Amino acid sequence: MTGLRSGQVADAAGVNLQTLRYYERRGLLAEPDRSLGGHRLYPAETVTVLKVIKAAQRLGFTLDEVADLLATGGHRHGRPDTGLQQRAQVKLAEVETKIADLQVIASTLRAAVAAGCDDLVTCAGRPCCPIPFATIASAPPATEGASDADPR
Numbered sequence: 001m002t003g004l005r006s007g008q009v010a011d012a013a014g015v016n017l018q019t020l021r022y023y024e025r026r027g028l029l030a031e032p033d034r035s036l037g038g039h040r041l042y043p044a045e046t047v048t049v050l051k052v053i054k055a056a057q058r059l060g061f062t063l064d065e066v067a068d069l070l071a072t073g074g075h076r077h078g079r080p081d082t083g084l085q086q087r088a089q090v091k092l093a094e095v096e097t098k099i100a101d102l103q104v105i106a107s108t109l110r111a112a113v114a115a116g117c118d119d120l121v122t123c124a125g126r127p128c129c130p131i132p133f134a135t136i137a138s139a140p141p142a143t144e145g146a147s148d149a150d151p152r
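The UniProt record's numbering applies: residue 1 is where the sequence shown begins, and numbers increase by one.
Heads up, some of the hints might be wrong.
In silico DSS-like cross-links for lysine-lysine, where the CA-CA straight-line distance does not exceed 25 Å [stated by the list, open to error]:
(1) Lys98 with Lys54
(2) Lys91 with Lys51
(3) Lys54 with Lys91
Because the hints were derived from the structure by calculation, they are not lab data.
Model, not experiment: these values are computed from the prediction.
With the hints as constraints, model all of the structure from the sequences given.
Following this line, the structure appears as structure tokens:
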């Protein structure tokens with residue numbers, strides 16, 4: 001039997017062994033063959049799959065989205081239509097919205113620095129305060145699942 005052992009795959013892909021095992025458990029990677037001694041033996045393309053997973057994550061795709069793209073691509077004959085174009089367009093729109101939000105935040109913080117705000121409560125009480133406390137307090141959290149302790 002031939003193949004790459006876990007450490008070789010992890011090193012070549014730039015991930016740690018725990019990541020390799022986790023992706024296996026999540027079904028992102030097929031369960032590898034085993035050597036007579038019980039060592040995992042991965043096909044060489046596993047390195048490419050790992051690099052694709054990590055790149056997709058850096059582009060903002062969740063592991064669930066990556067798993068779906070990998071599963072869809074692996075079950076087609078001929079040229080796969082995994083929906084990547086549509087999903088990439090949706091992800092791009094999400095990223096552009098986040099960038100616009102971050103630009104507003106950066107502009108507001110620049111104005112706060114320029115105004116010399118050094119106490120939030122004092123600053124909030126001044127008419128020249130550049131921080132829009134009223135609109136920030138009523139806006140939903142910027143990221144899903146991001147919340148402080150329950151105020152109840």
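Please work out if Lys54 and Lys91 have their alpha carbons no farther apart than 25 Å.
16 Å, holds
Verify the proposed pairing of Lys98 with Lys54, using a straight-line Cα cut of 25 Å.
Judged against 25 Å, a Cα distance of about 21 Å means the pair holds.
Please work out if Lys91 and Lys51 have their alpha carbons no farther apart than 25 Å.
19 Å, holds
Comparing the model with each numbered hint stated earlier shows that all of them hold.
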